[in-house]
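Q: Given next are the chains, with one letter for each unit.
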Amino acid sequence: MTKYLLAPSGEEVLLMGNEAIARGMLEAGIGVASAYPGTPSTEIIEALSRVAEKVGIYVEWSTNEKVAIEVAIGASMCGVRAAVAMKHVGVNVASDPLMSLGYSGVEGGLVIVTADDPNAHSSQNEQDNRYYGMHAYIPVFEPLSPSEAKDLTRDLYDLSERYKTAVFLRPTTRVCHVRGNVVLGELKKPERAGVFRRDFSRWVLLPVNSRRLHEEAINRIEKLADSLHEFKYNFLKKGDGSFGVIASGIAYNYAVEALMELGVYDKATVLKLTSTYPLPRRLVKEFFDNVEGKVLVVEELDPIVEWGIKVFAKEEGIENIIHGKDLLPRVRELDTSIVASAIARMLGKNYDINVYYKPTLALPPRPPTLCPGCGHRAAFYELKIASAKAKVKAVYPGDIGCYTLGFFPPYRLVDISFSMGSGLGIGLGIAKASDELVVATIGDSTFFHAGIPALINAVYNTTPILLIVMDNGVTAMTGHQPHPGSGYRATGGTATSLKIENIAKAVGVEFVEVLDPYAVDASVKKIIEAMEYVKKENKPAVIIARRPCALIVYRRKIRRGEKIHVYYVDQDKCTKCGICVNLFACPAIYVEESKYLITPTLCTGCGVCAQICPFKAIGLRG
Amino acid sequence: MKNRNILLCGVGGQGIITMGRLIGTALVDKGVKVRIAEVHGLAQRGGSVNVHVRFGEDVYSPLICKGKAHAVVALELIEATRYLSYLSENGILLVNDALIPPPLPKIKMPTRKEILEEFKRLNVKFCLVDATKIAIKAGSAASTNVAMLGGMLALNLLPLTLQDVRRSVKKTLPSKFHKVNLKALQMGFEEVVKLKKTL
Ligand SMILES: Cc1ncc(C[n+]2csc(CCOP(=O)(O)OP(=O)(O)O)c2C)c(N)n1
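From first to last, the protein sequence lines stand for chains A and B.
Our numbering puts the first residue of the first sequence at 670, with every later residue one more than the last.
Our numbering puts the first residue of the second sequence at 2, with every later residue one more than the last.
So that you can see chain A by itself, here it is in the shape it has in the complex (with noise of 0.2 Å):
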C-alpha cells in the first residue's frame, strides 16, 4: 500500500477513499496531519503515517478529536498545510474551537475530513455534519469516489488559502471505504518550516474582535456562494428540459445509475453538486433555466440541499416543482434501486425492485463478537461472577469500543452506550439520583479520550462508582492505533506510556487495582472488594483490568513462527454443563452433536476456559 501512496505521477493505481484522500493531501504538500481514530475515517492518517518519516511530514495520533483540531489549526497558524480526520461524531467533540475557527479563517491551507457514516454501519448515529458547515461559516465539499476525493482534496488546499477560509471534505463510508482507480499526480514537497503569523485581530476572539469576524465570516461564504460555479467539480448537464434532477456526493453515482436504468439520462437536465454548502448560486440559476418540469433533490440523510435550494428557488421566483425527501428516505443510505423508485414516481412510471430467490429458512444473526483470547471477554466474566457472588444488582453504564460488545448476551453488561466517555459521567448521575450500585466499563483509549474529566468530577463530588478500565493498550475497534498509554506513536518509535493507574490515583482516587483477566479467581475477588469499597465508603473505586489486545499477541506469535499452546475438551470428564459457552461464549469453543469442542485454529491459548470449568475438562494439548 505504501508503495503506491508514494508511486509516481501518471501511474493508475487501486486505492480506498480514505488512501486517496491522503495521496490528494500529499499531493498538496501538507506539512502536518492529526487525528483521533473513528471509521470511516481511520485509513488517511494510517496511510500518513506510514510514509511520513520518507516524505518529511509530521503526522500524530491525538488524544481526542479536540487536540487534533487545534493541533491542526497551529500549523495552519504557522502558514504550514494541515489536515485534520475525524468521523462525523469527533467533529461534535473538535465543535468548539471549530466554531472558532469559521470566525478567524486561517494561514495555511487547512482541511478538515468529516466521514460520515449513513446506515450507522460502524456508529452511534447518522448524524449529518453539513450542519456544521453551515453551524460555523465552513465550506462543504462532497466527493464521489476515491479518483474524485484524492484531486478534490488536493485543489481544496488552494480553494482554503485563496479565500484564508477552512474547509470541510465530507466523505461518507460510501467513499472512504470504496476501492477505485486512482490516476496518480504529481507529489508536492511539503513545506514544513513555518513561522507563527502573530494576528491579533484574527486569532484574539475577544468580543471586540468576534463582532467583526462574524460579519466577515458570512461575507466570506456569500463571496464563496457567488464563484462556486467556476469550481470544476460542481458541472451542469443538459438534457431537453423536461425535467431536472440535482444530486450531491456519492448520491450522483445513484442518479446517474438510475436514469440509465429508466432510459431517461439524455431527457434528464443533471446537476452535480460537490459544493454542497454554500451552494453555487449561479450554477442552480442556470440549471433552473433549463428545466422546465420537475426536479428532484437527490441527497443521502438530511434535505440540507433541498431546503437551500428551495429557498433560493422562492428568492428568484422560480416555479419548478422541486422534490426530495417527499419521494427518498432521510434515513440509512441510498443506492441505485431506491433513487430510481423515487425518479420513477416523479415522472410516473413503474419501476420494480425484484428479487428473484428469497431464502425462507431461519438464519441465526451473527454480530460481531469478542475474539478468541480477549482479555475483554474474561473481565466481563468475572464480573458477572463477581456481581452474583457479592449478591449486588448493580447498572453497568457501558462505553464504546469493542468492549461494547459486553452488550451481547451472555454477558448482558451493558446497560448504556451513549458517546465515548459517556458512560461514566451518566453513571455518575444515576449513582446520584438512586441508590443503585453502579459499575462502569471504559476502555483505555476512550478513558484517555474522554474519560478522565469524567473519573476527577467523581473524586471531587465524592460519587460512589466503580470504573473497570478494560485497558488492552491499544485503540482496537479501530484497528490497533496506539494512544498515550501504548508506548509508540502513530509513526512507531518510543513514547512515555502513560499507566492509568498512576492518573487514577493523582486525580486522588484512593481505592486503585490492577487485575489481570487471565487469572480468573483473583480478578473475582479484587471486583468483590471494590464493590464492597463503593458501598462502605461512598467513593469511587477504578479497577484497570490488563491484557494486551489478543489478535495483536495472536498475530505476532504467527508472524514469528511461535508455537500456540491450544486447549481441548477432555470427553470423559466433560459433564456438559455448557458453562464455557452458554457463560463465557468463546468463538472457539462449540457444540456438534450434543460434544463440547475447541477448535484448535481458533483457540489462542488464554487458558481461561480451563479455569472456570468447574469439572476441570479442559487441557492443554499435547
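Since the hints were derived computationally from the structure, they do not count as laboratory data.
Here a beta-carbon is modelled for each residue, glycine too, at the ideal position from N, C-alpha and C.
Don't take each hint at face value.
Unchecked claim - Covered by chain A, per the in silico footprint, the following chain B stretches (three or more residues, Cβ under 8 Å):
no., segment
1, 72-82
2, 86-98
3, 116-125
To be verified - Taking lysine-lysine pairs in the PhoX-like style, the calculated list, with each CA pair at most 20 Å apart, reads:
no., chain 1, residue 1, chain 2, residue 2
4, B, K3, B, K31
5, A, K906, A, K858
6, B, K34, A, K1226
7, A, K672, B, K177
8, A, K1027, B, K171
9, A, K857, A, K672
10, B, K134, B, K184
11, A, K672, B, K172
12, B, K171, A, K672
13, B, K126, B, K197
14, A, K1053, B, K107
15, B, K177, A, K1232
16, A, K963, A, K1058
17, B, K126, B, K195
18, B, K107, A, K1027
19, A, K963, A, K983
20, B, K172, A, K1264
21, B, K121, A, K1027
22, B, K114, B, K138
23, A, K1027, B, K126
24, B, K34, B, K3
25, A, K979, A, K1018
26, A, K1264, B, K134
27, A, K1245, B, K138
28, B, K114, A, K1245
Take the given structure of chain A and dock chain B with the ligand to it, following the hints.
A: Showing chain B with the ligand alone in chain A's frame:
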C-alpha cells in the same frame, strides 16, 4: 464492457476484503474501471461481511442492489443464504462448503443439508466447492479466499486470466505468502473446472 456485479460474502476474518483487493488490483492493471465497497470497523469482528465488486464502463455506484448480482461468491454457507437476495435471475452462486456457527449461546443452527436443500428448492444455480480443504492442501486454511478466487476464474466470472491474478497476488500480498496462495489459486481453479462440468 457491460457492467458486472459480484457480491463476495462470508465471516469476518476469512479474507474477503483481501479477495476484493486482489480482484481490484488485477482489473485496474487491465485498465478496467472498478468500484469495490467494503465495510470496516465493527463488522470485521467475526461478524457477517460483504464486499461489493462492480466493474465496467458505466459503473458509478459502488453498491450492488438486491436482485442485481451476476454472481454471489460465499466463503460460508449461512452467509451464502443470507445474501442470496442479491443474486440476479439465473445468476450463479459459488459457495465454499463450510458451515461456521456463530458463537452465540442457545441458537438454532440450520444444518448443511438444510441449506443445500434450500438452494435446490429455490432453483439456485450453485457450485459447491470445498475451498478450505483445498487451501489446507495447498499449505494453509488462510488461503481459502484465494482458492475461491481460482474458482471464480474457472467459472469465467472475471475478465481475468490465472496469470493476471498471479501478478496481483504477488503485488498485493507479503512475499512469504506467495507460494501457498499461488498454489491455492491453481488448485481452486482446477477443482472448479472439474465441478463445472456437473453444473
Ligand atoms: C467521538 C468519537 N471518536 C471516535 C469514535 C470511534 N471509536 C469507537 S470506539 C473507539 C475507541 C476504542 O478504543 P478503546 O477504548 O481502547 O477500546 P477497545 O476497542 O480497544 O476495546 C473509537 C476511536 C467514536 N465512536 N466517537
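Q: If any of the earlier hints don't hold here, list their numbers in rising order.
A: As far as the earlier hints go, 5, 6, 8, 16, 18, 20, 22, 25, 26, 27, 28 are violated by this structure, in ascending order.
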